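Starting from two chains that each stand alone, build the complex the way the hints lay out.
Chains as they are written, first to last, in this note's numbering: chain E, 14 to 197; chain S, 5 to 191.
Please note that a few of the clues may not be correct.
[As the list claims (entries may be wrong)] Examples of chain E residues lying across from chain S (beta carbon under 7 Å, computed):
#, residue
1, Glu81
2, Asn82
3, Ser89
4, Pro90
5, Asp91
6, Glu96
7, Arg97
8, Gly114
[Stated by the list, open to error] List of simulated lysine-lysine pairs, DSS-like, C-alpha gap at most 25 Å:
#, chain 1, residue 1, chain 2, residue 2
9, S, Lys45, E, Lys125
10, E, Lys125, S, Lys133
11, S, Lys188, E, Lys72
12, S, Lys133, E, Lys79
The hints are simulated quantities; they were obtained by calculation from the structure and are not laboratory data.
Predicted, not measured: the structure shown is a model, and the values here were computed from it.
Every residue gets a Cβ at the ideal spot worked out from N, C-alpha and C, and that includes glycine.
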Amino acid sequence: MNTQILTIAPAGTWSLDPVHSSVGFEVPYLAGTFKGEFHDIGAGLTVEDERASLEGSAKVASVDVKDENLAAHLQSPDFFDAERHPELRFSADELSLDGDGNVSVGGELTIKGVTKPVTVIGTVTTPIVDAYGNDRVGLNLSATVDRTDFGVSWNNPLPSGEPSLANDVTILADLQFVKAGATD
Amino acid sequence: MTRVLGISGSLRRDSHNTSLLRAAAEAAGPDLELELYDGLKDVPPYDEDDDVHPRPAAVDRLNAEIEAADAVLFSTPEYNSSIPGQLKNAIDWVSRPLATNALRNKPVAVVGASTGGFGAVWAQAELRKVLAALGARVLDIEIPVPHAHTRFDEGDLTDDEIRAALAAVLETLTEEVRERQEAKAVA
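If we strip away everything but chain S, and leave its shape as in the complex, we get (with noise of 0.2 Å):
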C-alpha cells in the first residue's frame, strides 16, 4: 500500500484545490491511500526563535505526518501569480533543517486549480522549485485545472480528463515510491 498525503494550500473551506484532491482520492487506485493534511491553518508562522525543541504542535505534526508518508501531492491555488503564502510557511518550517528535513529525497507532485484561465500554472511552478530546493524529488508534471468554479459540482470533480490525469500523477508517484524502496533495499 503506497501511502499518500495529499496537502491543499487553499484554507477555504469550500477549496477548490481541497476538492481537487478529494477527487485524486477517489481516483486511486486500491493500492493507494491518500489522506488530506487539514492542518495548515494551525502552523504558526515561522521564526527562529520559535524554532527549538520543542516546535510547536502543530510543525511537529506536519512533520511526522510527511515522515510518515510515502509521497506527498500538493495541490495549489495561485495568489499574485506565486504560491499562497500560509503553504509556503509551512514549507519553511519542514525544511528545516535542510539536510535531513522530511521532504529529502519524497516524491512529490504539483497539482493547482484556480478560477482564473491559467489554472495555477506559475503557482505550480514556484512550488515545484521550492520543493526540488529542499530536496524533494519532484515530479516534472503539473495539471492546471483553469476556471475550477465550474469543473466542481457540491465539490465534486465533474470533468472525467483532469479526473484521468490525477490517476496518472497518482500512478507515477506509486512508481517512484517503488524506484526509492528499491534503490533502498540495493545500498
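Extracted from the complex, chain E is given alone in its bound form (with noise of 0.2 Å):
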C-alpha cells in the first residue's frame, strides 16, 4: 500500500514543549499493566517542503514510577543500564500522513545502546495558533517493541512458571510542539 505523502505540519523548525508533552511505557505486569513515564524529554520536528524528520529522546534518571526501590531497579544493569545509557532516542526521517491525518512511520529507536527499525503509528492534530501567538502542532505516537531485543531481559517466574512481566512494551509519546510566530 502506498501512503500519501502529506506535509504533517507547516515548514519550519519546532521546538518541544515538555510540559504538556508526555512520553511513558506501558507493559503487561502480573495481572494488569504496568505503567511509567519519563520526565526529562527532548524532541524537535523539523519540516521541509514534504519533508517531516523528528528526533526524541528521554533520560532513563528520569523515570518515574511509584515506589523509589522500583525507580532504581530500573536505573540498574538488570534494566536501563542508566549508568552507561543514559538516554532512550527515537529518530525518524520520513513522518508520513495519510489521508485520515493518520502517522505511520519507521524510525529507529535506542534503548540501553541497542539500536533498532521500530515502526511508530500514531495522530497528528491539526495546527493551531496558541494564545500567544505561536504555531501549535500535536503528535500522538505510539509503537510496541519487545524489549529483549534490546537486552532488557529481566523476568520472575510465576509459581505456574509463567513469565510475570511480558516482553512487548508499548511506548507512547504525547507531543506538543510550538513554533514561534511569524508575525511576532
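Here you go:
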C-alpha cells in the first residue's frame, strides 16, 4: 500500500513544549498493566517541503514509577543500565501522513545502547495558533517493541512458571510542538 | 590499578572457596590488586531494628570495603542448592537502602567450589540473581570447581585450567571497571 505523503505541519523547526508533553511506557505485569513515565524529555520536529523528521530523547534517570526501590531497579544493569546508557533515543526521517490524519513512520529506537528499527503509528492534530501567537501542533505516537531485543530481559517467574513481566512494551509519546509566530 | 575485593561465602579456615580467591589473587596481572575480605563471620544477623545509625561496626566495615573496591569477586560454596546463609545475610545488610547501596552498578563476578560433582553451579546462579536484584553489574560467567578437595594442595590451586579461567574473569572485571570509569568521565 502506498501512503500518500502529506505535510505533517507547516514548514519550519518546531520545538517541544515539554510541560505539555509526555513519554511513557506500558507493559503487562502480573494481573494488569504497569505504567511509567519519563519526565526529562526532549524532541524536535523539522518540516521542509513535504519532508518531516522527528528526533526525541528521554533521560532514563527521570523515570517516574510509584516506588523508589523499583525506580532504582529500573536504573540498574538489570533494566535500562542508566549509568552506561543514560538516554533513550528515537529518530525518524520521513514522517508521513495519510488522508485521515494518521501517522505511520519507520524510525530507529535506541534503548540500552541497542538501536533497532521500529514502526511508530499515531495521529497528528491540525495546527492551531495558541494564546501567545505561536503555532502549535500535537503528535500522539505509539510503538510496541520486544524489550528483550534491546537487552532488557529481566523477569521473575510466577508460581505457574509463566513469566511475570511481558516482553512486549508499548511506548507512548504525546508531544506538543511550538513554532514561534511569524508575525511576532 | 584496579582494586577488587574478594568475598568468600565460606567461613571455614581451610575453605576451598577462600583458597580459590587466593589463587585468583595470585593469577591477577600486575595492574590488579585482589584483597580478601575476612570479616564475614562478624556480620550480625540482619534486623531492621539494628539497621539504624550507627550501624553495627562489622556492617560499616563491609560497606566501606565494598565502596572502596572497583569490583567484587565472590566465591561461594553451595549449601542445600543455594548460597550460605551468612553470605546472604551480609548481602542483605549491604542492600539497604536499595536505591543507594554500595553494590549498585559495581562490576561483580561469582565463582564457586564444592566437594560435590557440580561445583556450586546453583549457588553461583542464586548469587548472581541476588546481586542483579541489588543493581550490581553482574558478569554473565561462572566458574564451577567440582571435587574441590582434589584441586588444592594445602590451599594451593593445582588446576591450571581453573587458574586461567580465574585470570580471564579478573580481566573481564577490569574491562568492566574501565568502561564504568569512561562512562562516568563522559557523564
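Okay, the hints, checked on the actual structure:
| no. | hint | verdict |
| --- | --- | --- |
| 1 | Glu81 | 5 Å, holds |
| 2 | Asn82 | 5 Å, holds |
| 3 | Ser89 | 3 Å, holds |
| 4 | Pro90 | 5 Å, holds |
| 5 | Asp91 | 5 Å, holds |
| 6 | Glu96 | 5 Å, holds |
| 7 | Arg97 | 5 Å, holds |
| 8 | Gly114 | 41 Å, violated |
| 9 | S:Lys45 - E:Lys125 | 39 Å, violated |
| 10 | E:Lys125 - S:Lys133 | 20 Å, holds |
| 11 | S:Lys188 - E:Lys72 | 16 Å, holds |
| 12 | S:Lys133 - E:Lys79 | 24 Å, holds |
In terms of the numbered hints stated before, the structure departs from hints 8 and 9, listed from lowest to highest.
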